[in-house]
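Construct the entire structure; sequences and hints are all you get.
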Amino acid sequence: MLSFIYAAGGPATISPPTLIIDIALMAMLVVVAFAIVRMRSLFAIVMLQGVYSLMCAAWFVTLDAVDVAFTEAAVGAGISTVLMLSAMLLTDRQSAPVGAKKSLGPLLVCVLAGAAMFYAIPDMPAYGDANSPANTGPGMEYMTAAVTDVEIPNIVTAVLASYRGYDTMAETVVIFMAGLGVLLLLGLNGNAGFWQAKVQGQNIFSLTAPRTRILTSTEDKPETEPPAPDEAAPPKPKPKRKPAAAKKRAAKKPAAKKTAAKKPAAKKTGGKGSAS
Amino acid sequence: MAADNTHSAPANPVDIPWDAVLEWGLALASTGLIVSGAIFVLAGALGVLRMPDFFTRMHAAGMTDTLGAEFILLGLMLQAGFSQMTLKLLLVAFFLFLTSPTATHAIANAALKSGLKPQLGPYKAPELSEIEGKTPSEGAH
Amino acid sequence: MADEFLLKVYVAAAVLMMVGMALLLVRLIAGPALYDRALAVNSFGTKVVLFLCLFSLMNGRQDGVDIAILYALMNFIATVAILKFFRYRGLTGPMTSLPGSSKFDRLREARRQKEAS
Amino acid sequence: MNSHLILRTVSKFLIPLIVVYGLYVHFHGDFGPGGGFQAGVIVAAAVVLYALIFGIDACKVAVPPSWIRIGMTVGVMLFAGTGVVTWLLGGAFFDYDVLKYDPDHPAGQHLGIICVELGVLFTVATVMVAIFYAFGSRTPDISDEDW
Chain A
1 MLSFIYAAGG
11 PATISPPTLI
21 IDIALMAMLV
31 VVAFAIVRMR
41 SLFAIVMLQG
51 VYSLMCAAWF
61 VTLDAVDVAF
71 TEAAVGAGIS
81 TVLMLSAMLL
91 TDRQSAPVGA
101 KKSLGPLLVC
111 VLAGAAMFYA
121 IPDMPAYGDA
131 NSPANTGPGM
141 EYMTAAVTDV
151 EIPNIVTAVL
161 ASYRGYDTMA
171 ETVVIFMAGL
181 GVLLLLGLNG
191 NAGFWQAKVQ
201 GQNIFSLTAP
211 RTRILTSTED
221 KPETEPPAPD
231 EAAPPKPKPK
241 RKPAAAKKRA
251 AKKPAAKKTA
261 AKKPAAKKTG
271 GKGSAS
Chain B
1001 MAADNTHSAP
1011 ANPVDIPWDA
1021 VLEWGLALAS
1031 TGLIVSGAIF
1041 VLAGALGVLR
1051 MPDFFTRMHA
1061 AGMTDTLGAE
1071 FILLGLMLQA
1081 GFSQMTLKLL
1091 LVAFFLFLTS
1101 PTATHAIANA
1111 ALKSGLKPQL
1121 GPYKAPELSE
1131 IEGKTPSEGA
1141 H
Chain C
2001 MADEFLLKVY
2011 VAAAVLMMVG
2021 MALLLVRLIA
2031 GPALYDRALA
2041 VNSFGTKVVL
2051 FLCLFSLMNG
2061 RQDGVDIAIL
2071 YALMNFIATV
2081 AILKFFRYRG
2091 LTGPMTSLPG
2101 SSKFDRLREA
2111 RRQKEAS
Chain D
3001 MNSHLILRTV
3011 SKFLIPLIVV
3021 YGLYVHFHGD
3031 FGPGGGFQAG
3041 VIVAAAVVLY
3051 ALIFGIDACK
3061 VAVPPSWIRI
3071 GMTVGVMLFA
3081 GTGVVTWLLG
3091 GAFFDYDVLK
3101 YDPDHPAGQH
3111 LGIICVELGV
3121 LFTVATVMVA
3131 IFYAFGSRTP
3141 DISDEDW
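Chains as they are written, first to last, in the working numbering: chain A, 1 to 276; chain B, 1001 to 1141; chain C, 2001 to 2117; chain D, 3001 to 3147.
A portion of the hints provided could be inaccurate.
In the DSS-like style, the derived pairs of lysine-lysine whose C-alpha atoms are separated by at most 30 Å in a straight line are [unchecked claim]:
no., chain 1, residue 1, chain 2, residue 2
1, B, Lys1088, C, Lys2114
2, D, Lys3012, B, Lys1088
3, B, Lys1113, C, Lys2008
4, D, Lys3012, B, Lys1113
Hints are computed from structural coordinates only; laboratory data are not their basis. Quick caveat, the model's predicted, so the values are computed rather than measured.
Shown next, in the form of structure tokens:
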């Protein structure tokens, strides 16, 4: 069956060992995907996602898509796990079970999309087919031109940075905007200050860096803060307080230092020793 | 090669094709290293699956992963020769040698400090009633 | 001749690595405690690194080894993150404090006393 | 104070190596896999490891948040600025050939690609660290029952 998929439309250019490894990796990917869907513990899901991206990258290497594998390795295995965990700090440890009625619609969509994909498989070009549209159109032009135009061995970099410079610039701007959005919503160094809220019956409060966390001057904040109006709404930092906090930062720095000096020496020396 | 040697070096009664000997010797050496490394790695995986409690599993995985990985990488280095590839494989081996025991140590430390007790005494298979009573699918902690 | 033999060895070793991955996957999905899972993830990463090295030697290309180096480093970061999350209930506190003496623990204790009073 | 001595020592040793490997990935991106994006993520991962091991307060001393704000914009400006420079030198936007003329070797292309990828590196690394700072600076109070 799978050899039919690889061979559809032309001679298979894939070697038998690679085919075995591909099939085994895909089978494991399916197993992990089902496990992720079935699990309720979010810790386990984060770990399984790390494993999923590990195997994805290994599979991309067997398919010779090395740059994609590199990105998957860098983002999926390391950073993504850390960011997922840090986002999980603000939510639950267990995912809520979804009723059978609610999952009927998505199931229908998934089944239809999967059936459409299986219907389209015979029209796909064979793996590594030199005459496929992807290999004969602009892609081939880039590959032949890059040898004399750019003269670097990695065609992917040449296409990414030179031929498609506009694309890459827009991607960079997209990443920049994502960072900007995070900065505006959450603040980088505790712009939101010391806040406390009740979300779904759980008390949540933020502890920010010592240079802007001024406990002495904002101790009355938690009492004056109104209770969260909506249970489902995440606690938002008030936009009003941001300029005030920025304005006061210069004035408050001595106060912050004083509070830091008052703290027990154990923590302070730990921070100092590791920083130097 | 062998035919040339018989004519050019008649003093040597037994003609030994040194190139092939070297090639096959290296191949067999690296095969031995890779196979033994793979057996170690596989034994570690089997130990993680079959051992009764967390600390024994950790022992199986930690020890055999380091040894097996170094064996396999050594076997690959023999084949790569003096090239950039060998340097990279050396880096992989070095990083694995540093990070794998450290990670295992951190796991053991976290598990012990959080109150996971090692199973002491001879291993007793759990009773059928105990297995049915528990739901092992979710995290115990 | 020797190369063909070695190719078979590489393929066999790569397949053995995948058998190991499958065994670890069982422990990862079934693992009773979360520490079992963390251990399985770490061991899984080692096996993927070895698999990538074997595969790139099999193809005679260097690219897989680059990714293997990256994995050896990234896997460590992921494991440390998971364990710090378990142990300290947060990602970013200092690891130098004894339990009960950290900033979070003191604040939690103060709030508990406040609620009790 | 001596808790996690092994972890701290190994991390102190590894963090510079991770950064160096990130720079290798960036400057070797012309010849092998990798490029600015991957290098940025690797450099960010080094910062994240530092924050994990030594605490985010120490990390904010080592990599101040003001650097993050500046780095994000510098990356985008470096990328777009390369295009503007080529434009001012008389070529089209992102026509790197005008950056440096060499009759038998496209040196301008190499220079332009490295500059552009450096911009991507700055933006990606700083944005990743920014997201980590933003999420990691908040610590909820988790009671023992919820844990």
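Evaluated hints:
For the hint linking B/Lys1088 to C/Lys2114, the alpha-carbon distance of about 57 Å lies beyond 30 Å, and the restraint is violated. Taking the CA atoms of D/Lys3012 and B/Lys1088, the gap is about 21 Å. The hint holds against a cut of 30 Å. Note on B/Lys1113 and C/Lys2008: the hinted pairing is violated, with a Cα-Cα distance of about 46 Å set against a maximum of 30 Å. Proximity of D/Lys3012 to B/Lys1113 is assessed by CA-CA distance (about 23 Å); at most 30 Å being required, the pair is judged to hold.
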